[in-house]
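**Q** Build the full structure now, drawing on both the sequences and the hints.
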Amino acid sequence: MKLIRQRSKSTSVFLVILMVLLTVPFQPVLAAMIETEATLAMSAKGQDARNTIKSILAREDAQSVLRAQGIDPLEAMARVDSLTDAEAVRIADQIEELPAGGNFLVGLLIAVGIIVVILAITDALGYTDVFTFIR
Amino acid sequence: MHWVTRTFSHSSDKTKNKGHCNRLRQLCILAFGIIGALLFFNGCASVSIKNWYQDPGGIPSKHELNAVPFYPQKEYQCGPASLAMALAWSGLQIDPDDLTSQVYTPSLKGSLQPAMVTATRRHGRVAYPISGANALLKEIAAGHPVIVLQNLGFSWIPLWHYAVVIGYDLNEGAVTLHSGITNRKITSLRAFENTWARSDYWGLVILPPYRLPASANEIGYVAAIVGLEKSRQWGAAAQGYQTALNQWPKNFAAHIGLGNSLYRQGELQSAEKALRKTTDLFPNEGAAFNNLAQVLWEQGKNQEAKQAARHAVMLGGPLIKEYQKTLDEIQSDEP
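Going down the list, the protein sequences come from chains A and B. The letter at position 31 of the first sequence is residue 356 when you use our numbering, and the numbering goes up by one with no holes. The letter at position 54 of the second sequence is residue 779 when you use our numbering, and the numbering goes up by one with no holes.
In short, the hints are calculated from the structure, not lab data. From a predicted model like this one, the values you see are computed outputs, not experimental measurements. Built from N, CA and C at the ideal position, the CB exists for glycine as well. Be a bit skeptical, because a hint or two may be false.
Computed beta-carbon distance windows for the label pairs [as the list claims (entries may be wrong)]:
1) A:E385 to B:G945: 35 to 45 Å
2) A:S380 to B:P1043: 49 to 59 Å
3) A:D373 to B:K975: 44 to 54 Å
4) B:L1006 to A:D373: 25 to 35 Å
5) A:P398 to B:A948: 30 to 40 Å
6) A:S380 to B:P785: 47 to 57 Å
7) B:F795 to A:P398: 45 to 55 Å
8) A:E385 to B:N908: 54 to 64 Å
9) B:E1029 to A:D418: 43 to 53 Å
10) B:L1006 to A:A363: 29 to 39 Å
11) A:S380 to B:G945: 29 to 39 Å
30 Å max Cα-Cα, derived DSS-like pairs, lysine-lysine [said to hold, decoys possible]:
12) A:K379 to B:K1046
13) B:K910 to B:K975
14) B:K955 to A:K379
15) B:K1031 to B:K955
16) A:K379 to B:K799
17) B:K1046 to B:K975
18) B:K799 to B:K834
19) B:K910 to B:K955
20) B:K975 to B:K1002
One side of the interface only, derived from the structure: several residues of chain A facing chain B at Cβ under 10 Å [unchecked claim]:
21) T361
22) A363
23) K379
24) A383
**A** In structure tokens:
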């Protein structure tokens, strides 16, 4: 049980990092136009989700993983800030769904499935280049 | 094989259940068939179709769309096929094979809902998710086909499947689907409800941006258009915001969104007009003044731009840093 819990924690940290790094495109600093989406009242849910993800990224073990990948933890945080509400909620929900026991494998499978999907989408949009078959 | 699926779904459907998206999983279902049947009698007997819909009012008791072409799916390709049918109805002829790369995830042998939504947007069409029978009937009655996600298997061994609902007949208690390799598959409401319930009654309406979903609500529709803007479909987004404004003339996001989409298309004068209107209607929204300032500045109207930017900064709010940046930029442009 304890082992599973430890594993699921480190797995969730890993997943958060993976998802954030791979799904969030670098957004060029555009002209001063305020995006339509930003003008929609930011849902409390979206903000909560962002905080959840950030609190995990703020953990020391998470930061050491980031650094090992040559990524500045501050940069990772910045990417979390540029997630849309919906994306942040989706990732946070995934973390929630990774349970401490029982159906951990199921949660993991779902999370991995979603990573694959998001990657495929961003890939096709040209943000990332992980799946060559899309091109 | 059919025995299992049919038993579970209470199906009175005489057509064969071919063309599922996850054929491999049928093997699992066979293996677990007996256990599943036991669980079914135990657990699902309470499933009932009472209250499947409350008469939404103002719809005919039966309706079927003739203008939705049928594309039979290839193995596992119910997502691309369903999407292609809905897009074709909306006026875009696209081969399902060309959609495969955009929606299909090979490792999952299927297409997930977010992929269906984003692919729709990338083709400049509005993807409007709906939920529940009332919305479904309203859309069909309005002439809009609806992509539905069904689970033809068990909740714990899912056999997910996309189909396009093209008609209903409340007297007969049936819906008509373009499903798998079957053109105009008539399914009893009971069987349909059982399989649709497991996706929480998820449906997707795909519309050209000048057409409003019959079940549209203000927030949901504007959010769908923001999605078009995110997909860089500026022209479709502008049209969609206009559609939203025809219905909800006081929606701020739709007003500023119209200005923003026109700006992205490089239509600075139209953008200026839309944003001026936004600032008139919403004199306390700094974002509108900020964006107007930018558009004015790019047209060389520096004095007016500076005035608008100052006003945005004065109004303040959580985005005040952005407004200040705009103002600084314009001021640094002074000769």
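**Q** With reference to the structure, classify each hint as holding or not holding.
**A** Hints and how they fare:
Distance hint check: the CB atoms of E385 (chain A) and G945 (chain B) are about 41 Å apart, consistent with the given range 35 to 45 Å. Restraint check, S380 (chain A) to P1043 (chain B): a C-beta distance of roughly 21 Å breaks the suggested window 49 to 59 Å. For the pair D373 (chain A) and K975 (chain B), the beta carbons lie near 29 Å from each other, so the given range of 44 to 54 Å is not met. The given range of 25 to 35 Å is respected by L1006 (chain B) and D373 (chain A), whose C-beta atoms sit roughly 31 Å from each other.
With their beta carbons about 32 Å apart, P398 (chain A) and A948 (chain B) fall inside the hinted range of 30 to 40 Å. A C-beta distance of roughly 54 Å is found between S380 (chain A) and P785 (chain B), which places it inside the suggested range of 47 to 57 Å. The hinted window of 45 to 55 Å between F795 (chain B) and P398 (chain A) holds, with their beta carbons roughly 53 Å apart. Separation of E385 (chain A) from N908 (chain B) is about 60 Å and conforms to the stated range, judged on CB atoms against 54 to 64 Å.
For E1029 (chain B) and D418 (chain A), the hinted distance range of 43 to 53 Å is satisfied, since their beta carbons lie about 46 Å from each other. At about 19 Å, the CB distance of L1006 (chain B) to A363 (chain A) disagrees with the hint of 29 to 39 Å. Range check, S380 (chain A) to G945 (chain B): Cβ separation about 30 Å, and the 29 to 39 Å hint holds. The hinted pair formed by K379 (chain A) and K1046 (chain B) meets the criterion: a straight-line CA distance of about 22 Å does not exceed 30 Å.
Taking the CA atoms of K910 (chain B) and K975 (chain B), the gap is about 43 Å. The hint is violated against a cut of 30 Å. Straight-line distance between C-alpha atoms of K955 (chain B) and K379 (chain A) comes to about 24 Å, which keeps the hinted pair within the 30 Å bound. Simply put, K1031 (chain B) and K955 (chain B) have alpha-carbon atoms about 28 Å apart, close enough for the 30 Å limit, and the pair holds. A hinted pair counts as satisfied when its Cα atoms are at most 30 Å apart, and K379 (chain A) with K799 (chain B) does not qualify at roughly 43 Å.
Between K1046 (chain B) and K975 (chain B) the CA atoms are separated by roughly 27 Å; this keeps the pair inside 30 Å, and the hint holds. Proposed proximity of K799 (chain B) and K834 (chain B) is supported: the alpha carbons are some 12 Å apart, at most 30 Å. A threshold of 30 Å between alpha carbons decides the hint, and for K910 (chain B) with K955 (chain B) the separation of about 36 Å lies outside it, so the pair is violated. A threshold of 30 Å between alpha carbons decides the hint, and for K975 (chain B) with K1002 (chain B) the separation of about 11 Å falls inside it, so the pair holds.
Hint status for T361 (chain A): holds, given a least beta-carbon distance of 4 Å to chain B, under 10 Å. Because the smallest distance between the Cβ of A363 (chain A) and any Cβ of chain B comes to about 7 Å, under 10 Å, the interface hint for this residue holds. The interface hint given for K379 (chain A) is violated, since its Cβ lies 18 Å from the closest Cβ of chain B, which is over the 10 Å cut-off. A distance limit of 10 Å between C-beta atoms decides the matter here; for A383 (chain A) the minimum to chain B is near 23 Å, and the interface restraint is violated.
Taken one by one, the earlier hints fail for this structure at numbers 2, 3, 10, 13, 16, 19, 23 and 24, listed in ascending order.
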